[in-house]
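Undergrad: First to last, the protein sequences are chains A and B. For what it's worth, our numbering labels the leading residue of the first sequence as 482, then goes sequentially. For what it's worth, our numbering labels the leading residue of the second sequence as 15, then goes sequentially.
One should not assume that every hint holds.
[Claimed, not checked] With a cut-off of at most 25 Å between alpha-carbon atoms, the simulated SDA-like pairs for lysine to any residue come out as follows: (1) K683(A) <-> A927(A); (2) K248(B) <-> F756(A); (3) K272(B) <-> T769(A); (4) K248(B) <-> R831(A); (5) K90(B) <-> H180(B); (6) K899(A) <-> D731(A); (7) K269(B) <-> F756(A); (8) K90(B) <-> P23(B).
[As the list claims (entries may be wrong)] Among the chain A residues that face chain B by a calculated CB cut under 10 Å, a handful are: (9) L661; (10) E663; (11) P727; (12) F756; (13) W839; (14) N842; (15) L846.
No wet-lab data here; the hints were simulated from the structure. Just so you know, even glycine gets a beta-carbon here, dropped at the ideal spot from N, CA and C.
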Amino acid sequence: MSEPTTPPKKMNLNREEMPKQPAVVRRGNFMEVALGYPLETARREASRCIQCKKPLCVAGCPVEIDIPGFIRHIASGDLPQAARVLKSKNCLPAICGRVCPQEEQCEARCVLEKKGAAVAIGRLERFIADWEAAQGTMEMPLIPKSTGKRVAVIGSGPAGITVAGDLIKLGHAVTIYEALHEPGGVLTYGIPEFRLPKAIVKREVDYVRALGVDLVLNFVVGLTRTLDQILDEYDAAFVGTGAGLPWFMDIPGENLNGVYSANEYLTRMNLMRGFLYPRSDTPIKKQTRVAVVGGGNVAMDCARTALRLGAAEVRIVYRRSRQELPARLEEIENAEEEGVIFEYLTLPIRYNGDDDGWILNMEALRMELGEPDASGRRRPVKVEGSEFLLPVDAAVCAIGNSPNPLIPRTSAGFEIGKGGNIVADPATGKTAKDRVWAGGDIVTGAATVILAMGAGRVAARAMHEYLTGEKV
Amino acid sequence: MFAIVESQPLVPNLYRMVVEAPPVAAQVKPGQFVIVQAVEFGERIPLSVADWDAEAGTLTLIFMEVGKTTSALAAKKRGDALPTVVGPLGNPTVIEPFGSVVCVAGCYGIGSILPVARALKAAGNRVTVAIEGRSAYLLYGREALRGHCDTLIEITRDGSRGFKGHIGRLPEILREKGVTADRFIVNGCTFLMRRASQVFEPAGVPVIVSLNPIMIDGTGMCGVCRLTYDGKMKFACVDGPDFDGRLVDWEEFLKRRKQYVDEELIPVHHTGHTRCY
Chain A
482 MSEPTTPPKK MNLNREEMPK QPAVVRRGNF MEVALGYPLE TARREASRCI
532 QCKKPLCVAG CPVEIDIPGF IRHIASGDLP QAARVLKSKN CLPAICGRVC
582 PQEEQCEARC VLEKKGAAVA IGRLERFIAD WEAAQGTMEM PLIPKSTGKR
632 VAVIGSGPAG ITVAGDLIKL GHAVTIYEAL HEPGGVLTYG IPEFRLPKAI
682 VKREVDYVRA LGVDLVLNFV VGLTRTLDQI LDEYDAAFVG TGAGLPWFMD
732 IPGENLNGVY SANEYLTRMN LMRGFLYPRS DTPIKKQTRV AVVGGGNVAM
782 DCARTALRLG AAEVRIVYRR SRQELPARLE EIENAEEEGV IFEYLTLPIR
832 YNGDDDGWIL NMEALRMELG EPDASGRRRP VKVEGSEFLL PVDAAVCAIG
882 NSPNPLIPRT SAGFEIGKGG NIVADPATGK TAKDRVWAGG DIVTGAATVI
932 LAMGAGRVAA RAMHEYLTGE KV
Chain B
15 MFAIVESQPL VPNLYRMVVE APPVAAQVKP GQFVIVQAVE FGERIPLSVA
65 DWDAEAGTLT LIFMEVGKTT SALAAKKRGD ALPTVVGPLG NPTVIEPFGS
115 VVCVAGCYGI GSILPVARAL KAAGNRVTVA IEGRSAYLLY GREALRGHCD
165 TLIEITRDGS RGFKGHIGRL PEILREKGVT ADRFIVNGCT FLMRRASQVF
215 EPAGVPVIVS LNPIMIDGTG MCGVCRLTYD GKMKFACVDG PDFDGRLVDW
265 EEFLKRRKQY VDEELIPVHH TGHTRCY
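Isolated chain B (complex conformation) (with noise of 0.2 Å):
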């Protein structure tokens, strides 16, 4: 069993789960993700990693409550244990001196943007980074990722923090306070991934994205996660998660994704409960 140190909402519907793992803690590299379940038997979920401590062997998930097992997990305490953390599994993020990299996040994004943001500092790039919500009480740990960045622009959809609107006005921003991108690294639900593919796409550099699918041992075995990318099938646990987001095939992408849509509602009328947002 897996230990929870902390465990907190950080915003409406988004929890922050601190959980000792150390072999994973010792291995991890950004970009990573691990997969848990939140009681015996249940459903494996992939969560990206939002940081972590080596030396205390601990990990920092942070995800969104949307159904069974993410609700299993908001609802756990400190001192709770989880049945499986297994990691970290998927290809770290690539960090390179690119020159000047723009990470964009939001949702649980802005938890696993901070440790790529981190790196891409360290190896000596000019980091920029965007995070973006529908309001401003959405946009969290915006003090971290000051540090670990050049600059952070943030959005909000209503204009009550920074600049007003959504991603697609992210290339004007850029071009106002004159920030060129040589990448472009997006982490987020799906369809600011799309969207910013679409949007960045102009700039003709790398966008990458870190696909979140569907998945069950992400080790490869099954499949589940197969996505087509350049034409190819490719599997996002082995291969990715991250792609360069112009060569996804994202009509399909989100398809499979939404595949157990109708399944996902059989628990909510089969315990008659939920929970109101």
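Next comes chain A alone, as it looks inside the complex (with noise of 0.2 Å):
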């Protein structure tokens, strides 16, 4: 059923985009905004790919999935093979084809980049997931005989998801402990059912639980019982509890109703499903105009949610300039194309709210770009006298998060960074405590899912050697 494929003489700068909801439409739903590609598109668009000898875009991928390679199986229409190529590397090819910032990895280093139409490679790992789950029967990788070592790993997100994966396929038995009700981390509670469906998440913490890992939910490692006594029924262990406690931004009024942390916002809406309340239990407040301070992807994921909501008025409030926003462009423009409004170069310094305790308006200042400052970004000043009132139903600070501080504080051993984050040797993943490795946010403070992913694969591959004395 496949055919042969010579790669295309001329270069095809024709990038294939992938249908969406229109705007109007879905910021009025929780559904998936973008649709996926169909699949004469996914192999017009695979076609571009030009196979180059040593392809840049490989040392671009944190967990080195052989691009090119599945590409070529999906141009040639050999699905199965290509999701055998992407799976051999990648767990979780559903959740990273979706929300991976490939323009900064794979996609930045494509030789087609140069022309501004990189092979669209995350696109193209999204068709190949959902082709594969459509199918409706996952292919088992074999599991090696048991090597009788036993691994706790602490969190189910992304991190511990694939320290999990790999480290049943090579034989070991694993035990997931997640803190909350359902599985997944950041991928359940943060990211927004519009921009990963939790069906999603659900299939691949399935798959990995199909491998054979066993999942203890319900269950918080430093209070329940703490990471030692982990240790005394397990070979070596995992740390990959994410970011804990949310950033305020130490102004007065942030202890006012209708004021938020990002991570309560998104938990109430994702994990609690409190979109659909009263249906479900969980209440969230109907709110007119909601500002969200803050400029990356998870101020973007309030943003939206809040216009889903049925706001009426959304808008980013960000310090610096659009040319600073750390978000993702795709996001940056969904949001801009649903009808977010941008406040650039404004700082809230107060909030201000009525004698029952609800906010009424955020107090800002107006700012202006200096010098650049230690981050290469230009520092942004205040503008003297340009306070001003916005009047707002809700603010939502999405500024970041402090590593969660349950294990450290609970267990001895560990070296501590300045920011309350767990050290680890980036080559290895290897903590200062004995038979304990980590990685993720937990390890380098609010960053990727796939980064958290690439640390996972780094110290599965370490505590393999360390527990068998092998190399992967």
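Hints are included, so try docking the two chains, each in its own frame, into the full complex.
TA: As structure tokens, this is what we get:
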């Protein structure tokens, strides 16, 4: 059924667009925004790959997927083989295809990117993952004979799932401990349904469980058991507990009702399914004028969630300009299309409330960009006398998190960084604590799904070497 | 799932439930709490642990029926199960040989003060427990408490048992009984804890309260349980639940607790049924 394919002689710079729900429609529902490539579009896009001898895209991928390999099989129509190649390196392709910042990683290195038309690697990855799921049968890898070693993985987010998937495929017994009542970590509580449907997260978690990984929910390592108690029962442990306490700005009025951390706002909506209230049990407020403070992907997620809940006016309040927004361009454009208003060069300085403790408005200042700071971005400077009031009935603070302190606080032997993060060797994920590895946001501070997965991959290798004395 | 071993009403609106959660029962200490869900995908609510049996692997929870989730919990029978019982969360109540400790409890706090009093007594303190309610029929668990304190004081608003009045009378009662306190520990509704913090302020000793804000994850992630304490932002789930009530911004705390009162009425209209008390 597969046809031979020859690399195109002339570069095809016509990058295939992915169909999306129209902005006016999608801002009124929680269904996925991007609809995925149809088969013919995927094959056309795949055939644009020039199959570089030394593919730079692979070097740009934190989990080293054989990108030209799986794309070649799409182009030739051998989709089962494409899925096999993809999944040999990435156990969460449906998720990565959706939420990885490909434009900074694989696609940034694509030779065609020099002409502004990188192969749409992420969309093709998503296409294959969804195609495989639609077949209804997942191909299971062969699990080698048991090594007799037991590994505990703390946290079922992207880092933990990757470590668990990799180690079980190497013959170790793996148990994942999750504090919440559903697995997935940030994939479940943080990233909204319209960007990453929860059915997909469930599918990927089910896959890892089908491989034999044991998943214990409602178990807070550090409280239900300390890490040291866990280590009595296991040969090694991986800590992937992610981002923890939300940051606030330390300005007056942040404890007013109607002021949320992004974590709370998104958790109510995603993990607790607040958007279904009162059919679900966790209430949310119907708010009409919402300001989201921050410029990252999480801020975009909050703003777009607010629109879908029926808010009339949703603003992103960001202290620098559009150029410096840390969010993915795709998400910024989606938010703009859907009608999110961007208040650039704006810094909140206070929230004012009514007598019942509800927020009435945000007091803010205008900024201008001065000299570049240590990060290379131009430093925002306050414009004197530019204070103004923005009437809002909700404000969401999406400026980041500090690492979760529960494990470092209840277990000795870690080296703890300045921000409260666990220090781990980037090459191995090994921490200062005996038999314990770590990766993801607990080590790096808030970062991306794929970097957490990359850290999981690195740690799994090092853990396997420790457990068996053999290299992967 | 977490099997329910016992479930019965204690007094009107208050329920006692014993649930199997062996890992939690093995680790829990006085003053800690759990988060439970009554149904799958249900709301997560924090409940104080009123007692536990590490050997049997069970926890005793005492809760007041107020909204949709606690109504669903109240309707559970022995043999049913809860999808989530997670913990023990929060920091344990600090137990040291303080000298003389006065524990004050009302409502569900009469349940959760018991392990605190027991531990204080075991640490060599002179323990006075004062329980408070509208009327005699609302004071439960007196016999159990009597076994773990030196003096049990009962106060009812209508005078149907013990002293007539409210928490404001307690300093006077303590004076009459010759009890001086090196520390107060207060468990109960927000109103009781706030009032106690004011009433005992002149004593010049810590008034430890066990705060009960809205929570979701209970592990520090969401921040909905935040409060202003001594001028700084704290999270009740990871920094508490115990705080010195003299330093809590109570007005703000009460307002934050009431955030969802309007929304909590929606299911009542929506499903068309509610209970009558």
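Undergrad: Next, verify each hint and record whether it holds.
TA: Tested hints:
no. : hint                : result
1   : K683(A) <-> A927(A) : holds, 23 Å
2   : K248(B) <-> F756(A) : violated, 28 Å
3   : K272(B) <-> T769(A) : holds, 20 Å
4   : K248(B) <-> R831(A) : holds, 19 Å
5   : K90(B) <-> H180(B)  : violated, 33 Å
6   : K899(A) <-> D731(A) : holds, 19 Å
7   : K269(B) <-> F756(A) : holds, 24 Å
8   : K90(B) <-> P23(B)   : holds, 11 Å
9   : L661                : holds, 6 Å
10  : E663                : holds, 9 Å
11  : P727                : holds, 5 Å
12  : F756                : violated, 12 Å
13  : W839                : holds, 8 Å
14  : N842                : violated, 17 Å
15  : L846                : violated, 22 Å
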